Amino acid sequence: MNDDQLLRYSRHILLPEIDVEGQQALLDARVLIVGAGGLGSPAAMYLAAAGVGTLALADHDTVDLTNLQRQIMHSADMVGMPKVASAQATLHRLNPQTRLEPIQARLEGEALDAEVARSDVVLDCTDNFATRHAINRACVKHRKPLVSGAAIRFDGQVSVFDLRRPDSGCYHCLFPEGEDIDEVRCAVMGVFAPIVGIIGTTQAAEALKVIIGCGRTLDGRLLLLDGLAMEWRSVALGRDPGCSVCGAGR
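Take 77 as the starting number for the sequence shown in my numbering and just add one per residue.
To be clear, the hints were calculated from the coordinates, so they are not data collected in a lab.
Keep in mind that this is a model prediction, so the values were computed, not measured.
Ideal Cβ positions, reconstructed from N, Cα and C, are used throughout, including at glycine.
Please note that the accuracy of each hint is not assured.
Unchecked claim - Label pairs and their computed distance ranges (CB to CB): (1) Arg292 / Pro242: 14 to 20 Å; (2) Glu184 / Asp302: 31 to 37 Å; (3) Ala165 / Glu307: 18 to 24 Å; (4) Asp231 / Cys290: 37 to 43 Å; (5) Met77 / Ser310: 33 to 39 Å; (6) Asp189 / Ser310: 30 to 36 Å.
Stated by the list, open to error - Here are the simulated SDA-like pairs of lysine to any residue, each with C-alpha atoms no more than 20 Å apart in a straight line: (7) Lys217 / Phe251; (8) Lys217 / Pro178; (9) Lys217 / Ala190; (10) Lys217 / Gly185; (11) Lys217 / Arg87; (12) Lys217 / Thr142; (13) Lys217 / Glu186; (14) Lys217 / Gly296; (15) Lys217 / Glu184; (16) Lys217 / Cys319; (17) Lys217 / Pro252; (18) Lys217 / Phe205; (19) Lys217 / Val321; (20) Lys217 / Leu250; (21) Lys217 / Leu82; (22) Lys217 / Glu191; (23) Lys217 / Asp189; (24) Lys217 / Pro242; (25) Lys217 / Asp231; (26) Lys217 / Ala187; (27) Lys217 / Gly303; (28) Lys217 / Ala206; (29) Lys217 / Asp316; (30) Lys217 / Asp196; (31) Lys217 / Gln233; (32) Lys217 / Trp308; (33) Lys217 / Gly323; (34) Lys217 / Thr207; (35) Lys217 / Arg315; (36) Lys217 / Glu253; (37) Lys217 / Asp243.
Start from the sequences and build out the full structure, keeping to the hints where you can.
Written as structure tokens, this is what we have:
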């Protein structure tokens, strides 16, 4: 780190759990964020501010007026722009030292596989089960830590699947693909604006902890937020030995 970086990240470096070594790990890290909306906005902004060296941000969509109530990375003058272009402008103003790799596409197939393989940690900030399961399969394949978040109405959830660990489960263990699960989206059900901020920021915090190697992450736990009562609940998660994605018999 140069003198400017030592000063910029000094409040991190003062923390013994992070110190110079932890901050250097952040500067050397590459994080993949899939989704530049309500969850991806605060996650990307905090990761950039914290000094993550490279952020790969994937989203195929453009900024819409209805996004602005909660997707804080975008502003009114960016309506109609690709979300990744809007994000690039915002994150550059926030921290020009962070390198942003915008991916203006629906990340899937070989492209998703390649991006996950190149990353140190992956954040799932999407809103549909098909994409979530595709991201999970790629993370299992390449043994990459996955930080998963979701929010709808006044409720949110977040967990970590640290697939570097042989005893860690995966997203499919929690929500098996093909089960009859109702898929609800903000466009239909609505979402309380701060909920995505709380969950997205928690995803950023967990990703930083994974990179630095400090504290206890949410691996093996699902954290649930009831925003109306402002109550958190933690549920223990176990690996499903019969899981068709991460289980021994896959």
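Under the constraints set out in the numbered hints, which ones does this structure not fulfil? 3, 4, 8, 11, 12, 21, 25, 27, 31, 32
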